[in-house]
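Colleague: Sequence:
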Amino acid sequence: MDEDANERRRRQCRISQRRYRDKKGSAEYNLRLDVNSLRESVERLRNTRELLQAKLSLDRRVVDNSVLKAVEQYFAVFAHGLHDPDAGDHVRRCYELQVSFLCAFLAPDVQLGGQDRRGADAVLEQWRRYTRFHASLAVALDSASVFGSDTASPLVKARGRLSVRLTPATIEHLFPHVVGREDLARRLVGPEIQYALCTEFVFDERVQVVRYDFSVDVLAGLNGVLQDPFLTADVLQGARISTLGLLCPDDESVLLLEGTRGHEKQEVEEGEKEEEQEESGGAEGRAPPPPHPPSRLAVSYLMS
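Under my numbering, the sequence shown is numbered contiguously, ending at residue 313.
Simulated from the structure, these hints should not be mistaken for laboratory data. Treat the hints with care, as some may be off.
To be verified - Quick list of the computed label-pair ranges, beta carbon to beta carbon: (1) Glu209 to Gly233: 17 to 27 Å; (2) Cys112 to Ala242: 36 to 46 Å; (3) Asp213 to Asp130: 17 to 27 Å; (4) Asp213 to Gly233: 29 to 39 Å; (5) Arg190 to Arg168: 52 to 62 Å.
Stated by the list, open to error - In silico SDA-like cross-links for lysine to any residue, where the CA-CA straight-line distance does not exceed 25 Å: (6) Lys166 to Asp222; (7) Lys166 to Leu77; (8) Lys78 to Arg215; (9) Lys78 to Leu111; (10) Lys166 to Arg196; (11) Lys166 to Arg195; (12) Lys166 to His99; (13) Lys78 to Leu133; (14) Lys78 to Arg18; (15) Lys78 to Tyr104; (16) Lys166 to Leu235.
Note that CB positions come from ideal geometry on N, CA and C, so glycine has one too.
Sequences are here, hints too, so could you generate the full structure?
Modeller: Next up, the structure:
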């Protein structure tokens, strides 16, 4: 009787052990399946990450190339300033191309020079003043770098050179306090002056410039000609140039829209009228009118 009971217990024990081994083997098998599945998932995630990284890198390169190309084209289009729309049909077409490019390059509400000025017209007006106030103008791009290309507002920092030659119009409009100083004016008018130029363009997702900052090192450029820091500081003391390089920043009007030649013609006509009035006044015994401030023609006479 006891032997039968012991045999039953041994049989039950063997069955339990077999079930345990089967269960353990099944768990290990399932665990191996889970591990293999996880390994496959990790590999898929790794491949996905590599693809995303490659795409992001490609996107950054595309953004870098796009904004850099746009800046290079901007410097090329305005390499010699703004064309005169009144200088003939061919030149007018060049001017219209410049305006069209600027409207595509800049956002409608682009901010200029950290000031309240906004819009392409403000940028165009500065180009107009720089061109009309100098006998010659040339812009050269030396280097350009992209920052934040992985953001929604990449920034391009460009460095270059602005080469100009001053004229009597430059003295009159930008350095009016120098008009009566013949020796100083003679030294400024004529020689080529090179200004170091630093510009920053902030782009939006449409690859249009929403902020345009620039600085022109007028101090170093003028001192290169005058070779006297005290005299250079004296010239800049009353100059109508902002610290960043904006010309006539206190004048919101559009200057010289008809061109410098038309402006000079108007001054000549006004001068002839004044001479007629003086002759008439002398004949009638009247005192001549008070003298006017030196005009551009007066400066031209001083420079002759």
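Colleague: State for each hint whether it applies.
Modeller: Hint check:
1. Glu209 to Gly233: 17 to 27 Å: The hint (17 to 27 Å, Cβ to Cβ) holds, given that Glu209 and Gly233 are roughly 24 Å apart.
2. Cys112 to Ala242: 36 to 46 Å: holds, 39 Å
3. Asp213 to Asp130: 17 to 27 Å: Taking Cβ atoms as reference, Asp213 and Asp130 lie about 19 Å apart, which means the hint holds.
4. Asp213 to Gly233: 29 to 39 Å: Check passed, 38 Å falls within 29 to 39 Å.
5. Arg190 to Arg168: 52 to 62 Å: violated, 33 Å
6. Lys166 to Asp222: holds, 10 Å
7. Lys166 to Leu77: holds, 10 Å
8. Lys78 to Arg215: holds, 14 Å
9. Lys78 to Leu111: holds, 14 Å
10. Lys166 to Arg196: violated, 33 Å
11. Lys166 to Arg195: violated, 36 Å
12. Lys166 to His99: Not satisfied, since the Cα-Cα distance of roughly 33 Å exceeds 25 Å.
13. Lys78 to Leu133: holds, 20 Å
14. Lys78 to Arg18: Given that 25 Å is the threshold and the Cα spacing comes to 88 Å, the pair is violated.
15. Lys78 to Tyr104: Holds - the C-alpha atoms of Tyr104 and Lys78 are around 21 Å apart, at most 25 Å.
16. Lys166 to Leu235: violated, 30 Å
When each numbered hint is compared with the structure, violations occur for hints 5, 10, 11, 12, 14 and 16.
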